[in-house]
Amino acid sequence: MNKNKWLSTPVVVAIIILLAALIAAGVAASHLFSLIQEDVTSRLNTALVTSINRVKQSFTNHQRNSVYWAENTVIQQIALLANKHENRAMQQDLYQLVDGSLKATITNEGYRDYKLFNLNGELILSGISGFAKPEKNITLPDNILAALSKKDVYTSHPFMPSSVWQSTLRHQYPLPTMLFIAPIHDWAGKTVAFFAFEINPDKLFNPAFHENQVGQTGQAYAIDEQGRMLTQSKFTNQLIRAGLIDASNPLTELKLEVRDPGFDLLESPDKKVKSPMPLTLMAKSLTQHKTGVNLKGYRDYRGVKVIGSWRWDEQLNMGIVTETEVSEVYKLYRSLLFSVIVSIVFIIFMTAFGTYFYRRSTQQQIVSLQQRDAIIKQTDDGFVTIDDQGRITMVNPAICLLFGYQEAELIGQPVSILIDEEQRHKHDNYLKQADIHEPKIIHRTRSLSATRKDGSQFPIELNVSPMQFGHRKFYIGVIRDISERYQYQQELIKAMQQAEHANQAKSEFLAKMSHELRTPLNAIIGFSQLLQMDKLNDDQRESVSMIESSGNHLLSLINEVLDLSRIESGHMSVSVEDVELKPLIEHILPFIHNQLSALDLRITESYPTQSSSLFVRADHIKLKQVLLNLLSNAAKYNKPSGSIEIIVSHTDSDSIRIAIKDTGYGIDENLQQRLFEPFDRLDKDTSDIQGTGIGLVISRELIKLMNGRFGFESKRDIGSTFWIELQRSSVNNSSILSAANNQSDQLDGEQTQHIKVLCIEDNPTNLNLMQRFFKQYPQFILLTAADAESGLEIARQFEPQVILMDINLPGKNGFEALKDLKRSAITRDIKTIALSANAMREDIDRGLKAGFDYYLTKPLNFELLIETINQAIEKSIKH
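Sequence positions in the sequence shown follow my numbering and run 1 to 879.
The hints are simulated quantities; they were obtained by calculation from the structure and are not laboratory data.
Since we're looking at a predicted model, the values are computed, not measured.
Where a beta carbon is used, it is the ideal one built from N, C-alpha and C, also for glycine.
Treat the hints with care, as some may be off.
Claimed, not checked - Using C-beta positions, here's what the derived DEER-type ranges look like:
1) Asn-537 - Pro-640: 39 to 47 Å
2) Leu-22 - Val-367: 37 to 45 Å
3) Glu-328 - Gly-130: 45 to 53 Å
4) Glu-257 - Glu-328: 22 to 30 Å
Claimed, not checked - No more than 20 Å apart at the CA atoms, straight line, and that leaves these computed lysine-lysine pairs for PhoX-like:
5) Lys-331 - Lys-296
6) Lys-234 - Lys-203
7) Lys-305 - Lys-234
8) Lys-849 - Lys-831
9) Lys-715 - Lys-639
10) Lys-661 - Lys-624
11) Lys-639 - Lys-624
12) Lys-84 - Lys-133
13) Lys-831 - Lys-819
14) Lys-849 - Lys-819
15) Lys-56 - Lys-151
16) Lys-661 - Lys-639
Generate the whole structure from the sequences, applying the supplied hints.
In structure tokens form, the structure reads like this:
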């Protein structure tokens, strides 16, 4: 193997890369280490200078306070009198005079106390204890007393005072203290005493030291000329575990000398320390009043390796040091070295196995490509690949089978030959402007019309995905024949159209049936109501009553069928308002009187205590319809001499429940699931009980439309309870009653006058019925017309207050006649009421939208007609 061949092997290349990585990593690590040292030095010096400056600032402030009060004339007089042991009473008065101001200063500055000493250092006066008692000899420490003669104002180091001294502070355990002392001069300038403010050292040093630390393990503290610690250590608990200070009195650390134990006391607490221990490198430098910084590392008083910066300050008369543990500072550097080692190992590993994995991955890619080709060739979906010019570069067998081409016939051809001729131009335009149209096409399934080789067309589903090979872009199209699905969709659309036509035909049939049945029913029910107003014998009255009852039953059947049709088509709507239950229930009870008397049934009502607030959110007419249906069922399916109970109650969910309970035969459990199926009467078809089997279906759907709940409980031979729940309304009846009384008073005060009513009706029977009805009301003058044209002429001539108009009129219909009325200044304000057998919801909405003030359906309810006329003319008609 020659040299060039050897140098070209991946191993040599990997070794070169490895050496380059090692050199680069070494240079980077060295540079990073120097940057870390510069940064740490800067941070240590900054923290040290900040701590010293903050302590100096505090010292200056407290020294200024001491001098200020030492020059106070009252303090001077107290000192002079105390030295001469004269006039104790005056001393007391002077003390009271100045004590308040001094205590305010103590509170503002955070001092413990103020004290007054004589020239011998003996306590004269204390702010807390008052004048010193002879039996308690409290004196300044000798070192402080000796230093007082050398300076105008003196700041002591923190020290542990005597127990007698502690008593003046009223502390139960010893605490370190320090003093700011200023001399008191007499009028000749001679020193006669000393005034001092006493402060807790922690309040002075902790803010300066503990807020200016480097890292989590950083600390700052002060030492004196003997190397003794003057401030509290951050690591008190560690010092206790190492045995350097007493756990019972941790503040003894103020006597701790900063010495190097020679090993880490925290890791080896049981190991004995050799005596005598030397001062730490930092402490030794400070005892010589030197300043320094050390980044190589030295042991602190715990034996932990630290780096630090220190300075002896003559003004403070102490050394200040800031330190942090080496392990924390150089953690980043160690992480870098570890990363370099890991990187080298990783490179060696990758070099050793690179060739193996490359060979293996290449083989896997080959196998994967073979598998992919096999899948593409065997799948039923067609795959076609085109380039960015729209030329076919690859097809699978499914494409050839689907379009009838050979593979050679398609390769190189534009892909548009597979698309319907009408869509080819659009497809070519997409390819030319691919960047614009890609979001509309890529990864989106589209349905197209494709063309086979023989020219036949068929529907396909196309999904296009892009792929990039080098600098060229290709597209993969997946084509699926959807002929069967398309045929099914067309059949489904045709079936839906047929269903819509059938539904429309059903609606038209129901509307026609309703109109044709309501027209004769209007005469049947109307004349039966008029006959009942005449004087009839019992047999005649019973016969007329049966005619009216049968007519009403037929009308209810028509209405129920129409309601069911509206519900099924989704055209049923409700008008939700505040409805008062008690008057509504009392209003509908007379309608089932005949059913009650036929079986000798009793009916009772039960209301909550506060019945005045029984208002619900519901459609008034639809709720009346539901309750009538439930009461009618309770009567029809009850036992002779049975009972019906109407129970109204409040629920826990802010609703009101209305329950209709009967003592009837009940419903078998196996029949209950069929209860709400339309036209299913639960095997009652052969009984003599009338019904259609759709009343409960309609009732439940109406309650749902009103956002309510519908349910029942039933037991065989015991009875049934059907209930509805509706949302409770916050309305009460006080405002309603007030409004009703005002309206009643107003109507009673008005004089009765004749009211002209014009009825336009082409059916002679219905017209005759209206004439006979209005004869019962002498206050009405009825005008009639058989067509719209004559009716309009009468309206312009006589100007009636109300017009009753049929919709289906010969010539002009009711809508056209209404337009003519509204166009004329004479008739535009006349109230118009539509009377029509067109009772579908859309018919009513159309009439009201056209401009009719009211819309009534045939057969007419004469009570409703009179009520509507009253509303139209805003008067009550008394009969």
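Here's how the hints hold up against the structure:
no.: 1; hint: Asn-537 - Pro-640: 39 to 47 Å; in the structure: violated (28 Å)
no.: 2; hint: Leu-22 - Val-367: 37 to 45 Å; in the structure: holds (39 Å)
no.: 3; hint: Glu-328 - Gly-130: 45 to 53 Å; in the structure: holds (51 Å)
no.: 4; hint: Glu-257 - Glu-328: 22 to 30 Å; in the structure: holds (25 Å)
no.: 5; hint: Lys-331 - Lys-296; in the structure: holds (14 Å)
no.: 6; hint: Lys-234 - Lys-203; in the structure: holds (14 Å)
no.: 7; hint: Lys-305 - Lys-234; in the structure: holds (16 Å)
no.: 8; hint: Lys-849 - Lys-831; in the structure: holds (15 Å)
no.: 9; hint: Lys-715 - Lys-639; in the structure: holds (14 Å)
no.: 10; hint: Lys-661 - Lys-624; in the structure: holds (17 Å)
no.: 11; hint: Lys-639 - Lys-624; in the structure: violated (24 Å)
no.: 12; hint: Lys-84 - Lys-133; in the structure: holds (16 Å)
no.: 13; hint: Lys-831 - Lys-819; in the structure: holds (13 Å)
no.: 14; hint: Lys-849 - Lys-819; in the structure: holds (12 Å)
no.: 15; hint: Lys-56 - Lys-151; in the structure: holds (17 Å)
no.: 16; hint: Lys-661 - Lys-639; in the structure: holds (13 Å)
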